[in-house]
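Protein chains in written order, with my numbering: chain A, 1080 to 1557; chain B, 255 to 729; chain C, 881 to 974.
Please note that a few of the clues may not be correct.
With a straight-line Cα cutoff of 35 Å, these simulated DSBU-like cross-link-like pairs (lysine-lysine) come out [what the hints assert, rightly or not]:
no., chain 1, residue 1, chain 2, residue 2
1, A, K1166, B, K378
2, C, K885, B, K336
3, B, K708, B, K607
4, A, K1182, B, K336
5, C, K961, A, K1182
6, B, K336, C, K961
7, B, K595, B, K708
8, C, K885, B, K469
9, C, K922, B, K336
10, C, K961, B, K469
11, A, K1166, C, K961
12, A, K1486, C, K922
13, B, K618, B, K708
Hints were generated in silico from the structure; no laboratory data involved.
Here are the chains, one letter per residue:
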Amino acid sequence: MSDLTSIIREQSATEQIAAIKSGALDARELFEAYRSRAAADTFNAFTWVADEAPAALPAADTPLAGLPVAVKDLFSTEGVPTQAGSKLLEGYRPPYTSTAVAKLEAAGASMHGKTNQDEFAMGSSNENSAFGPCQNPWDPERIPGGSSGGSAAAVAAGHAPWALGTDTGGSIRQPAAMCGLVGLKPTYGAVSRYGMIAFASSLDQAGPITRTVADAALMLEHLHGADSRDMTSVGLREPIAVPSRESLEGLVIGVPAELTGEGVEEGVAAAFQVALAEAEALGASLETIHLPHAEAALSAYYVLAPAEASSNLSRFDGVRYGNRVEDADGTLLGMYTRTRHDGFGPEVKRRIMLGTYALSAGYYDAYYGTAQRVRTKIAGDFTEAFKKVDVIATPTSPTVAWKLGEKSSDPLAMYLSDICTIPMSLAGIPGISIPCGTSQGMPVGLQLAAPAFGENLLLGVAHALERTLGFDTGGAIR
Amino acid sequence: MSAADYEVTIGLEIHVQLATRTKMFCGCETSFGDDPNTHTCPRCLGLPGSLPLPNAKAVHFGLMMGLALGSKIAPRSIFHRKNYFYPDLPKGYQISQFDEPLCDGGELGGVRLNRVHLEEDAAKLNHAGGTGRIQGSDASVVDFNRGGTPLAEIVTEPDITSAEQASEWLRLLRVTIRQLGVSDVNMEEGSLRCDANISIRPKGQAELGTKTELKNMNSFRFIERGIKAEVARQVAIVDGGGQVTGETLHFDPRTEAITSMRSKEEAHDYRYFPEPDLVPVVITPDMIEAAKAELPELPLQREDRFIALGVEPGAARTLSWRPELGDLFEAELATDGSQPKALAALITNELLKRIGDGEVTDSKAAPGSLAQLVALTAAGTVSSSGARTVLDTLFASGGDPAAIVEAEGLTAMGGGDELTPIIQAALDANPDVAEKLRTGDMKPIGVIVGFVMKETKGRADGKEVTKVTRQLLGL
Amino acid sequence: MIDAKQVLHVARLSRLELEPGEVEQMATELSSILGHIEQISKLDLDGVEPTMHVVPIDGGLRDDEPEPSLPIEVALSQAPKANAEGFIVPSPQA
Ligand SMILES: [Zn+2]
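So that you can see chain A by itself, here it is in the shape it has in the complex (with noise of 0.2 Å):
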């Protein structure tokens, strides 16, 4: 094992910057190893690699110091390929940089690679992708998780010492599970979505898969913050601090009974309850509550996402953009719906099929102004419970990483298996996701809630539980 890497197995995207920064590390020599393995990568990570490192990295002393990122596909990125996991899509340059991946830069991070992901990150296990599926490093016979499943295989690989997701119902914090690391979902708002391909605009966060919670509060320091470019964006109203809290005492955790019973992997709950075990260890204290809504907000989420999914979508149609595919008599029509047919994965289909349906005449009112309703009843149910608790713990996903091809067959089947990360997601809270402990061999995440902004007292507690729980994220790195 070459010096480079064993500082990629061990050292934390935090702690390459301070050796790029103390001269202890080669910032250009780091680039080159992390591409050469990203180009080398065997788990179908990427779907773009950078040729070469930039003629000019950003300087040591600028707060990232030209580490590399490695970028979700659903981010635009000027003249590289962004193609969100879409035949549709294939070749697409756009001619702008999102505005996500513009502030990483200017905070002195390089991209150095476009990561896999189901289609308009639609679906939880990377198996929609245009570009063939992901597998995950701790067992290529499994799924990494979606919708980021490249970002958060990409960081378990070590081809990239973090990578930036997006987390629609649980896209970011399902796979980090899955894979074994950390993924935070922000607060709605919390970061920019200009130049993030739109799946639910209404649900959309962009946010870190790294291998440490410090990592992960640092990415978000340079992500977060209001943009003139989004009217949606609201950024934090706090600076993010490095999280230090080492001890628990005096919070309460509210653990809810509706998303850490029945449908939850034996492995998966002894791993749960270990982490709850620990974090009484540290001080905390358990209350169990309710999320009466929580089973409603997984139907509400299936309405409420493709109905924005089905419009967002919209423009997909082989006019400026992507690949056209014209019928043979040349009509206009012909033209949408060759285009549409061959260039959209079943998954996708489905999905716009299901919007369509529920914002068609007549049916508003039962789908999409029902599901509009719900998500005020579950955003209560957290009002509610943020009066007793100071945070909610659940496992990120009911299960580990299932099999390539497992689910595939059944839509329904791969909807339920959010019902942890979708309430959060319709409430527009922030979670974290951080490992907690393996099933099957595989590891389990233990998610992490807080109110809207609270992402400091997220990152707090997260850290202090990942100094206890220990473990090493680093455990598929080669």
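Chain A is fixed; fit chains B and C with the ligand onto it per the hints.
Quick look at chains B and C with the ligand alone, frame taken from chain A:
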């Protein structure tokens, strides 16, 4: 039954391009006639990941329109997505407003308004011409310069009852909006567009007939002709025992033919839902105050003010509906305010005749000279026909009215003494006319007046000639 | 729940073409998902306001200040079919 046995019900939907510098949801400049696709960006091309940003000025202009039209301003206004596919619609939806428009209700010139709302314009489809054959069929080229231009949509209640009223009312709306300064309202350039919902019902029937939507009427003339043609079509259908089908129609001004636009399109289902990329626009009292502060006097208010000055209603309307004439009137009146009625008449009759299809600026009359001319006429210095001659000169080359009267020998003649010999000569030269007049049949008096005018080069006053003639004939 | 005829109607609205075999499968899958979703219709939501964005956002409006547009060659660079003037599409009238 005949057309006279039916009542016509018309509602109008008007789209007005707002005269903002930039588009509704992006910073591209609004433009007309520039090279295609030179005013685009990720937002107005609907590139993946781009987001809309509402233009504050467009909201401000919308508020000005709502306030001018007496609408209720919503404290909170929501943008919706109207979903449909068309190559001129880059996102596959138009950002428009649905159940919470910026302005609710209102009234203008006796026609109630349903709403005024904001939305974005579509792009332009041009035919590709000779080179554009794609796999054996025609091609179009999309130009996104216009795409995203702010539009205000004004919807009336079905209060209009004739084609003439529709076009008259639309003129009032146009001049009102022009006066507000929020749009060029130019139908030829497409900054004012009008669709009409038209139905007929037998007189006395309470419920409205089935309405059709007539689109694409891009001039005032076409609006009147289009509505007339559609009413005639509906009357013919109903008279023939048939039923009008609710559909969207296209009027071809060349052939006056009306054709259905629905041939290939299925029934629309726009799947409106609140635009999740935007938050509600909150209208603050400050925003309303700012809009109020910029409201000018509106044409109807100006019309009332002119009438109160003593101006004839017809002239008052002409002056206020053609603001440039109204402005001229007010400028002249400021130099001499003694004869508003006569000054208004001079401008709306005589000056307007000379302007014809041209512009007010075609007149070379110096500021104040029209008011002077009116004063000279009122003082009897120049006759009304002499005044017309002076106006010819003022219009063509300007100058001082009094000097023109002097130079061209147009000083009005006095009364009887000077006129008597000339009239006598006229009667002598036309004995048959004199005979008729003597019997009290005054019809041929024009012959005498004409003779006198010719002799006096128009300096005589027509009324005075009649008076003296009667005296001479002992009538 | 949702039959083949509705599936075809929704596919048409979405400009998606479904092969004959896909219609039945789509009807079955959507029906199963809708069957699950349907549970929200049983909730008592009288008087509950719909929520679009959970987090309070007082988004400001944009000033009417021009920003640079894309050069035409950049705007057209990603188009599947274009000439020097613009994006070529099959004529809607064809
Ligand atoms: Zn633009």
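The hints, checked one at a time:
no.: 1; hint: A:K1166 to B:K378; result: holds (29 Å)
no.: 2; hint: C:K885 to B:K336; result: holds (24 Å)
no.: 3; hint: B:K708 to B:K607; result: holds (23 Å)
no.: 4; hint: A:K1182 to B:K336; result: holds (33 Å)
no.: 5; hint: C:K961 to A:K1182; result: holds (33 Å)
no.: 6; hint: B:K336 to C:K961; result: holds (26 Å)
no.: 7; hint: B:K595 to B:K708; result: holds (29 Å)
no.: 8; hint: C:K885 to B:K469; result: holds (32 Å)
no.: 9; hint: C:K922 to B:K336; result: holds (29 Å)
no.: 10; hint: C:K961 to B:K469; result: holds (30 Å)
no.: 11; hint: A:K1166 to C:K961; result: holds (17 Å)
no.: 12; hint: A:K1486 to C:K922; result: holds (29 Å)
no.: 13; hint: B:K618 to B:K708; result: holds (28 Å)
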